[in-house]
Amino acid sequence: MPDRVRGPLVELTVARFREFLREPEALFWSFGFPLLMTLALGVAFRSQPPQPVPVGVQRGDGDQAVVNALARDPSIVARALDPSDVDRALRNGSVHVVVVPGTPPAYRFDPTRPESRLGRLAVDGALQRATGRSDAFAPRDVEVVTPGSRYIDWLVPGLLGLNIMSTGLWSVGFSVVYARSRKLLKRLTATPMRRSHYLASHVVARLAFLALEAGVLVGVARFVFGIPIAGSPVTLGVVCLVGALSFGGLGLLLASRARTVEAVSGLLNLAMLPMWVLSGVFFSSEHFPRAMQPFIQALPLTALNQALRAVMIDGASPADLAWQVVNLVLWGAVSFAIALRIFRWQ
Amino acid sequence: MALRCRQLRKRYGDVVAVDGLDLEVRRGECFGLLGPNGAGKTTTIEILEGLLAPDGGEVEVLGRRWDRDAQELRQRIGIQLQETQLSEKLSVVEILRLFRSFYRTGRRVEDVLALVELESKRDAWFSRLSGGQKQRLAVACALVGNPELLFLDEPTTGLDPQSRRQLWALLEEFGEGGGTVLLTTHYMDEAETLCDRVAIVDQGRVIALGTPRELIASLGAGHVVEFRLEGDGAPADPDAFADLPGVRRLGRDGEAWLASTSEVHLTVPALLDALAREGRQLAHLATHSATLEDVFVSLTGRHLRDA
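Chains as they are written, first to last, in my numbering: chain A, 1 to 346; chain B, 347 to 653.
There could be a bad hint or two in this list.
[Stated by the list, open to error] Some residues of chain B that are not near chain A, with every Cβ distance over 12 Å (derived): (1) G403; (2) L408; (3) E434; (4) L461; (5) K467; (6) E538; (7) L555; (8) L596; (9) A632; (10) R648.
[What the hints assert, rightly or not] Simulated coverage check for chain B against chain A, where a stretch passes if three residues somewhere in it have a Cβ under 8 Å from a Cβ of chain A: (11) 417-428; (12) 441-447.
It is worth saying that the hints were derived from the structure and are not from the lab. Beta carbons are placed, not taken as given, at the ideal position from N, Cα and C, and that holds for glycine.
Construct all of the structure, not just a fragment, from the sequences and the given hints.
This is the structure:
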């Protein structure tokens, strides 16, 4: 009975799969970690009914009158504070503003904190009305909750982008250098194996796992947190794919010369750290100064996150994403081309 | 001719690893490169395997050259490298299937497993294998493409005696099937047991070439008498030992004297008489049949293991 011999690309890819699935740590960092992070952040930033503003009233003459006046406003919770506790309560955020009774009263608050400014407005309105000011008119409030406007709606595409970056860089970079450090690469080049098959097997395995990772993350976002996906799933899939290929190429480049796992770990962290901070994963990259923006916009993770948010939140069509896709393709293609040139097989 | 190289040279910075080395390996023979660590054996075999480019010289493998026919040559040879760690978390049979997939034609994976006696370990991960089993798997990976020419770099270094013998049996079987083997070793007994011909390599060049029997015979003496004297200093007249009956050559190895002799039964009584005349006592006396080790010592004044 002759052996059933599978092609080298299939065998190499299957070997990558097996190695990955038999490595519990790798599984955790690819699947468990991003999922846990999404769950934790989702719980922390879940939608809550509007909370009343916590306000402190410094003990002293007339404090009870101020507390009573504030108690009439349902959007305010007031409590008396000893003068020695005032600064601490403001600092740790247990009250947003402190009223020092007097004529006129004084408001202690930090104008750089939005919740303190809001608290001051609410307190001022309540006290002014209690001492006789009448409103010129009673507005009609129309409360609207727009799907996709919560923080978690904004965060999840960023986490997805982050995950595509880190698994792409780690899984390719780490396993290539590990094989090199064990002289396995050298042993493989001593066979008739085509070098392009070896590199391609990393990319193919990466894409297969990407489908799983992204699927799980988007599924949890959709069905646990009710995060809407405004755009087409196909466009979303294509963006993930382009992102994964791009970071796969970058991973190969970072791994192309390093001889030890320690060296490549340093390189990978060096490449990832700026993007963790700058590319708008947890907060918008528009917080950074104007002068830095061209650099930030050029980073591949910035492009990937923008594209993912455009599809998931704004329902962008492929035509809207041209710039981001070009950015990712350039990063991937240039990295891959350089990696092929300078790759160290022995 | 399976393999031929002429005036091979390779240097690493200031260190000359291979210094004008010539070699011819015939089809069907088992050829050994014997030499101490650092003699240039690994550099030489990696140049012949097409993994290193020489600084100078010509290499011809199976009538082909690496610069023109690399892809075809890779299909026809099998290689075992020194110290390769295969994928930790793949099983024996998975690793063999992977290597088999690289070759257009080859042996059945199950047959190779049987050949290297790893059937019982077929589903064990590489990381769970003993040193001997890992080494047999490395040889199996070299055999699975059914090569005409097999390169082995220190195949039994670090193995226990039983594992070494298992591997030797495996290579003898490959040779009986008509395959050609080039191996490096620093074990003289391995070269004597396995090799049809041996090249003794030192400092990047071949210093002796022949069958193990021819090389040992070149000593002109089948035995070695090894002795050490009690107390300090050389005897009054070292030449007296060289002139003992049967002695062809007298050498030193640290404190010990080594007398190559064709007639132990004449040499030893004469030695004892000579020492009695000088009033010296023996600290140690032993005799053994001459080996390739003695050939190396006589050529270089050093031992294989610590040269």
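_Beyond 12 Å from each Cβ of chain A, as asserted for L408(B)_ = holds, 14 Å
*For G403(B), is the shortest beta carbon distance to chain A beyond 12 Å?*
G403(B) clear of chain A: closest Cβ-Cβ about 20 Å, beyond 12 Å.
*Test coverage of the region 441-447 of chain B by chain A using CB-CB distances below 8 Å; three residues minimum.*
holds (count 5)
*Taking the closest pair, is the beta carbon of L596(B) still more than 12 Å from chain A?*
L596(B) is indeed farther than 12 Å from all Cβ atoms of chain A, at 45 Å.
*Beyond 12 Å from every Cβ of chain A: is that where the Cβ of E538(B) lies?*
Given that every Cβ of chain A is farther than 12 Å from that of E538(B), nearest at about 28 Å, it holds.
*Distal placement of K467(B) relative to chain A, Cβ over 12 Å*: Non-interface label on K467(B) holds, nearest chain A Cβ at 17 Å vs cutoff 12 Å.
*Is the Cβ of A632(B) farther than 12 Å from every Cβ of chain A?*
holds, 41 Å
*Take the region 417-428 of chain B, compare each residue's beta carbon with every beta carbon of chain A, and decide whether three or more fall closer than 8 Å.*
As far as the region 417-428 of chain B goes, the hint holds, because 5 residues have Cβ atoms under 8 Å from chain A.
_Using Cβ atoms and 12 Å as the threshold, tell me whether R648(B) really stays out of contact range of chain A._
It holds; R648(B) is separated from chain A by about 29 Å at its closest Cβ, greater than 12 Å.
*Any Cβ of chain A at or closer than 12 Å to L461(B), or is the non-interface label fine?*
Its Cβ never comes within 12 Å of chain A, the nearest being 14 Å, so this holds.
_Non-interface claim for L555(B), where every Cβ of chain A lies beyond 12 Å_ = Given that every Cβ of chain A is farther than 12 Å from that of L555(B), nearest at about 27 Å, it holds.
*Taking C-beta pairs only, is E434(B) more than 12 Å away from all of chain A?*
For E434(B), whose nearest Cβ neighbour in chain A is about 8 Å away, the distance does not exceed 12 Å, so it is violated.
Of the numbered hints given earlier, the model fails hint 3 alone.
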